[in-house]
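Colleague: One letter stands for each residue in the lines below.
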Amino acid sequence: MSNSVGVRLDGLRRQFGNVHALDGLDLDMSPGELVVLLGPSGCGKTTALRILAGLEDADSGRIVVGGKDVANVPANRRDMGMVFQAYSLFPHLTATENVEFGLRLRRQNAATRRQRARDMLELVGIGAHADRYPQQLSGGQQQRVALARALAIQPQVLLLDEPLSALDAKVRVQLREEIRRIQLEVGTTTLFVTHDQEEALAIADRVGVMRDGRLEQIGSPEDIYRSPATSFVAEFVGLSNRLPGRVTDDVVEVLDAKLPLVDAATVHNGPVTALVRPESVDVTADPAGTGRVVAVSFLGPTARVTVALPDDAIVVAQMASARLPELPPGTAVRVILRPVPVVVSAA
Amino acid sequence: MAGLRQRRARRQRILRWVVVTLLAVLFLLPLFAMLEFTTRGAGGSLSWETWRVFFDWGALDETYPILWTGMKASFWLVLLSVTLTLVLLVPTVVWVRLRLPRMRRLVEFISLLPLTIPAIVLVVGLAPVYAWVVYFVGGSSLTLTFAYAILALPFAYRAIDAGLSAIDVRTLSEAARSLGASWATVMWRVVLPNIRSAVLSAAFLTVALVLGEFTIASLLNRDNLQVAINQLGKSSAQMSVAVSLAALVLAFVLLFLLSFVGRRRYRERKTS
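Protein chains in written order, with the working numbering: chain Y, 6 to 352; chain L, 944 to 1215.
Be careful, since some hints might not be right.
[To be verified] Below, a sample of chain Y positions facing chain L; criterion: calculated Cβ distance under 7 Å:
hint, residue
1, Ala91
2, Pro96
3, Ile187
[What the hints assert, rightly or not] Here are the computed distance ranges between Cβ atoms for each label pair:
hint, chain 1, residue 1, chain 2, residue 2, range
4, L, Ala952, Y, Ala91, 57 to 65 Å
5, L, Ala952, Y, Ala116, 36 to 44 Å
6, L, Gly1068, Y, Ala116, 36 to 44 Å
7, Y, Gln120, L, Thr1035, 52 to 60 Å
8, Y, Ala91, L, Leu966, 56 to 64 Å
9, L, Thr1035, Y, Gly71, 47 to 55 Å
10, L, Leu1041, Y, Ser65, 38 to 46 Å
[Stated by the list, open to error] Covered stretches of chain Y, as calculated for chain L (at least 3 residues, CB under 8 Å):
hint, segment
11, 84–90
12, 107–113
It should be emphasised that the hints constitute simulated quantities derived from the structure, not laboratory data. Being a predicted model, the structure only gives us computed values, none of them experimental. Ideal Cβ positions, reconstructed from N, Cα and C, are used throughout, including at glycine.
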């Protein structure tokens, strides 16, 4: 079933009026890889995906799919399956007919079409609703059918444009795991665009964090989270405490702790702001401690405790929620930072 | 409380019936008068002779050649005007929505213009244009199609635009494109099936408009049903009224069908 090809975007530029939606974007995708483009609204991630799909034109740059430059190939000849953020099923066709649509255009005979549509709907777990019309399906079911429709044509590349953002939290988590399972099963090279960092980290082979039309960093989810290349990545992916510190000889001193630097080579000695993950902060009740718990948030298995320090700095710590009873608001606490590498930005 | 509500409901029901009855009388009385006039025989007796002649289409050509010519012209004008209006308007409105969303207001404004310009003024503007039309395609009455396509714009545009507003044209067409559809396929297999009732509405409205149009045809010296009725009125008043009544009933039937289509569309959406 696998039909994997590599994809290369080379120096893509796209300008809307005065806004540079893409400002020299470079991206390499290996065959069968799932790359997630992550970034805030307006960073150019959807523009990049739409240009790859042929739905927008780039002002300049190359789009190479399977070794061929497809920049001048119209969208309908690019052989890419796409799932959209908005519900995109054809309202006048049933789920099966929707999935058959692309196959019909490829002049496959009725029996083959029907069989393939049934297989695809089974693959996305919606075989029981094959004869329903889109308006008779829930949002999650519609997106499953849209995924089946995109995969049915055995595309060279699968493009997913925030396909889960219109769904409720539980369905979103369920469906993203299924998308990953299916993607691994069919092995199609996939570009997934989202602004949800949790979603990105959960399913990607590699995550590309975008900012102002270019990639700020691309790497495995672990790399992006543990070794963010810039303070923007550190702050966009996961929560970070911004704490004042001072760099001396490749370590940064923050709240009396000496922490290693993620990228010591580019940092000069002097005052900085250190970005410390909440899970790297530990808080223990201590009557002699200088911090005071000001708020606690219960998040199920984990909890976040917000601590005010004497110099008005605020630190958020993440811990097992079982520890909450010992840290009610008002408790005097001691804040301890675990010695994991941190990113710093200019103070 | 329940008694008060019942009394209010009964009052509203009565009021509804009064309004409906008054309107029915207002609309039906002239129609009934037309029917009565066309069935008035010698000495005030009831006679269906006029209607018998009207429905004897084989002989109509000889008995009332003006009427026959007008009916034929209007029949073809209806077909051509509906076709031209839809062929021009549907792709244009879809294209504006997809590619030129900023032009939407302008297109809407232009398409509403014929509604604000009196027919007589329109004719003054159209006359020199028609001099060229005659030069290029001849002086047939069917050339009225061009003027009627313009006259139908406000109604047809509104209907089609409303239909397109009910679906996400951009996403649907992009989905179809990504699946391998050409623009023609997108229009034919994706957009049109989803705005079918809007297109039907536009077509019905155009039919009603073309069947009832007199001013432009008369002032440009062309033949159509209304011009024929007007001319016939001078020689055979009963037949001209009979044809007017038939045209009115046809227009009512079309508008009734239109409201039926509209209601079905509403119901479909409500159940979704």
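Colleague: Each hint should be assessed against the structure and marked as holding or not.
Modeller: Here is how each hint holds up against the structure:
no.: 1; hint: Ala91; verdict: 5 Å, holds
no.: 2; hint: Pro96; verdict: 6 Å, holds
no.: 3; hint: Ile187; verdict: 18 Å, violated
no.: 4; hint: L:Ala952 x Y:Ala91: 57 to 65 Å; verdict: 43 Å, violated
no.: 5; hint: L:Ala952 x Y:Ala116: 36 to 44 Å; verdict: 59 Å, violated
no.: 6; hint: L:Gly1068 x Y:Ala116: 36 to 44 Å; verdict: 59 Å, violated
no.: 7; hint: Y:Gln120 x L:Thr1035: 52 to 60 Å; verdict: 40 Å, violated
no.: 8; hint: Y:Ala91 x L:Leu966: 56 to 64 Å; verdict: 43 Å, violated
no.: 9; hint: L:Thr1035 x Y:Gly71: 47 to 55 Å; verdict: 37 Å, violated
no.: 10; hint: L:Leu1041 x Y:Ser65: 38 to 46 Å; verdict: 24 Å, violated
no.: 11; hint: 84–90; verdict: holds (count 5)
no.: 12; hint: 107–113; verdict: holds (count 3)
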